Amino acid sequence: MEAIWLYQFRLIVIGDSTVGKSCLIRRFTEGRFTQVSDPTVGVDFFSRLVEIEPGKRIKLQIWDTAGQERFRSITRAYYRNSVGGLLLFDITNRRSFQNVHDWLEEARSHVQPHSIVFLLVGHKCDLEAQRQVTRQEAEKLAGAYGMRYVETSARDAINVEHAFTELTRDIFALVRSGDITIQEGWEGVKSGFVPNVVHSSEEVTKSDRRCLC
Amino acid sequence: MSDSDATAAEGAEVAPEIQKASPAETPDGSSPSAPDTSTDVAPTRKARRRPDVKPAPEAQEMPKVEEQPAKAPTPSESTVSQGGWGYWGSWGKSIISTATATVATVGQGLTQAIEKAETSLGIPSPTELSAQVEEEQNEHGESSGETDRAAGEGSAAVGGAMGMLSSLTSAVQSTGKTVLSGGLDALEFIGKKTMDVIAEGDPGFKKTKGLMNRNSTLSQVLREAKEREELQTAEKESSDSEKKVVAHYGMLFDEFQGLSHLEALEILSRESDSKVKSVLTTLSGDELVQLREQLDLIKDSFSLVEFDDEDVDEKKDEDGAEFERELAEALEGLSITATADKLGKACKSTRSRIADMSKPETEEEEEEEAVTKTPSVEEVHAAAIRSLAELTARSIELFHKLAEMILSSGGSTEASVLSQLTVLLCRELSLLSKKFTSCLTTAGSNEKGEVLNPLITGVFLEASNSASYIQDAFQLLRPIVEISHIQRRAESTEQ
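Sequence order for the protein chains is S and U. Each residue of the first sequence is one higher than the last, beginning at 930 in this note's numbering. Each residue of the second sequence is one higher than the last, beginning at -1 in this note's numbering.
Hints were generated in silico from the structure; no laboratory data involved. Since the structure is predicted, the reported quantities are computational estimates derived from the model, not experimental observations. Think of the CB as a built atom: it goes at the ideal place given N, C-alpha and C, for glycine as much as any other residue. Treat the hints with care, as some may be off.
Said to hold, decoys possible - Listed below are the simulated DSBU-like cross-link pairs for lysine-lysine, each with C-alpha atoms no more than 30 Å apart in a straight line:
hint	chain 1	residue 1	chain 2	residue 2
1	U	Lys273	U	Lys297
2	S	Lys988	U	Lys343
3	U	Lys275	U	Lys297
4	U	Lys273	S	Lys988
Stated by the list, open to error - Cβ-Cβ distance ranges computed for the label pairs, FRET-style:
hint	chain 1	residue 1	chain 2	residue 2	range
5	S	Gly1075	U	Ala326	23 to 33 Å
6	S	Glu1095	U	Lys446	53 to 63 Å
7	S	Arg1001	U	Val449	26 to 36 Å
8	U	Thr335	S	Glu959	32 to 42 Å
9	U	Asp339	S	Asp1108	23 to 33 Å
10	S	Arg1005	U	Arg486	45 to 55 Å
11	U	Lys297	S	Asp1085	32 to 42 Å
12	S	Arg977	U	Thr335	47 to 57 Å
13	U	Ser282	S	Asp1108	28 to 38 Å
To be verified - With the Cβ distance kept under 10 Å, some of the chain S side facing chain U (calculated, not the full set):
hint	residue
14	Val972
15	Arg977
16	Trp1115
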């Protein structure tokens, strides 16, 4: 049922404007492709449950940020409380790929003292004919920053589910291992409610001393 | 790194004619000579009477009322809201003494606490009150008439409480002089008070010692309330599977992303606040004095929200067209049409839901089967809570988007526009909650009091909580308007 989940992860989705951030999230949370016309103002919110293992559900709270430059100073304020994120570029727009580095720098400097797990997403992979960024170079870049790389299409529903689940699994593994811990005053990871006696958050609080950051 | 950001410019302008709320007016026009219990507080804070601001009068009144509930104010026009106040105040107080540690969640806990308070005090049933509300609606309320009726109906204490509710109703209907502030504040007061009770009775509710003006943020309080509700739901589900569905305000509020918007708004507010402070430390001399004065002006316009609308000439606004028009007017030029549309839609659908639910009883002659379709009280209650949660979430989303537009466009936004908006939203919420309770009364005409009363009380309480969340969100905009003012000022001196 809706209310039962192990953890809540807060994810942030960033990247140049018009790369398709809102469309990707809507496909994931609403299961349909909407030709979003209005650019996002500041930040919008979506949420969905993901089952990473049978019976193990994670609630994802997704912060969909505006890509437009004029909102940059605002969206910066939102990074801090995210445990992970999707960094999008448009495979048909070379410029958006070149900006990946800047986005990453910006994000990393604003999540301090916490760390953030990113997944690099090459979006609009249905538009193969207009491709300006090869899979190889994207993978290379992702590798250089220690990220995974996934190509997605919100329109044709390619890899959308996969992208979010992979990221969620990665974060879950880090939480499990104690590399990421639940912290007071930080919204990145929250423990959920488990109806049975086994309260999984114990695993997390036990390993509180170790810190990744 | 990016492109198109040309659309911002138009956001700069603000309709000047909206500044209706004249700050100089007496907050409670009908009774200037009968100051309410919070006069010791700075007058600017009148619209937001909080329990912690006026502990003394309340403490005095409390024992009296508990022992002999018949002692209450004289039912003259000027003291109605005042009397209602005292009465509700002590009512809130006695909740404290009766509430127990089992009181757990905002939604459910409130009703339980209130129920308890009701039984122990023997106060009038909300059913009666709400029935009266309906009557008044028909008569289109003369405020003196309602007082007489209230007074004639038995104990004066009843009159006090009635007066309170009546003033809420008539404010909503706006028959000239209204005391919306009295009504809403009284409700708000109880809401806060009950929050405190819950916090005290519930150790899990650690940080709920108060709302923002104490040590935790509003979104934290709401988040914790929601988490409680989720936990309860989860527990309930694991124990007995088929219980009737209970409407949880907090969970619904989160479902509509109200919590997230609130949290994001808090982030922006906090950040702006520290920016303002750091700017102030870099200035000195005349420049500092000047800026301080300007910021004080902004501060003033944020403190001066009055809900007593002297100027209200609203009709009953049956279809909500009036509200939509006013909303559009207030938001003109603020470039957040998409969000405003969402709010408008939510209001519209709420109204049609209410219309649907109350249809069968509107002198049904043609359709007899309509009776079978009459919604149950639980259904009406759930719809009411859901609507309140949705409207509040949308309102907070609106404030959040406004904050983002103010910060990103650098355009000037008058605080008066924002306060106008706050008044508008609170008025709409109170109007709708009243309609819902009328609906409840109709739907529950065959129900026993102990079933119906808590539901009605619950709707009123969540409505009051909603109003205070909106007002708190409004306060969060202050540092944002301040920093935007500072930035514009800096730009103009550079040129």
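So, going through the hints one by one against the coordinates:
1. Lys273/U - Lys297/U: holds (16 Å)
2. Lys988/S - Lys343/U: holds (28 Å)
3. Lys275/U - Lys297/U: holds (14 Å)
4. Lys273/U - Lys988/S: violated (34 Å)
5. Gly1075/S - Ala326/U: 23 to 33 Å: violated (49 Å)
6. Glu1095/S - Lys446/U: 53 to 63 Å: holds (55 Å)
7. Arg1001/S - Val449/U: 26 to 36 Å: Violated - the Cβ-Cβ distance for Arg1001/S and Val449/U, about 54 Å, lies outside 26 to 36 Å.
8. Thr335/U - Glu959/S: 32 to 42 Å: violated (21 Å)
9. Asp339/U - Asp1108/S: 23 to 33 Å: With a Cβ separation near 43 Å, Asp339/U and Asp1108/S fall outside 23 to 33 Å, so the hint is violated.
10. Arg1005/S - Arg486/U: 45 to 55 Å: This hint is violated: roughly 20 Å between Cβ atoms.
11. Lys297/U - Asp1085/S: 32 to 42 Å: violated (53 Å)
12. Arg977/S - Thr335/U: 47 to 57 Å: Violated: the Cβ-Cβ distance is about 27 Å, outside 47 to 57 Å.
13. Ser282/U - Asp1108/S: 28 to 38 Å: Taking Cβ atoms as reference, Ser282/U and Asp1108/S lie about 48 Å apart, which means the hint is violated.
14. Val972: holds (6 Å)
15. Arg977: violated (12 Å)
16. Trp1115: This interface hint is violated because 12 Å lies over the 10 Å limit.
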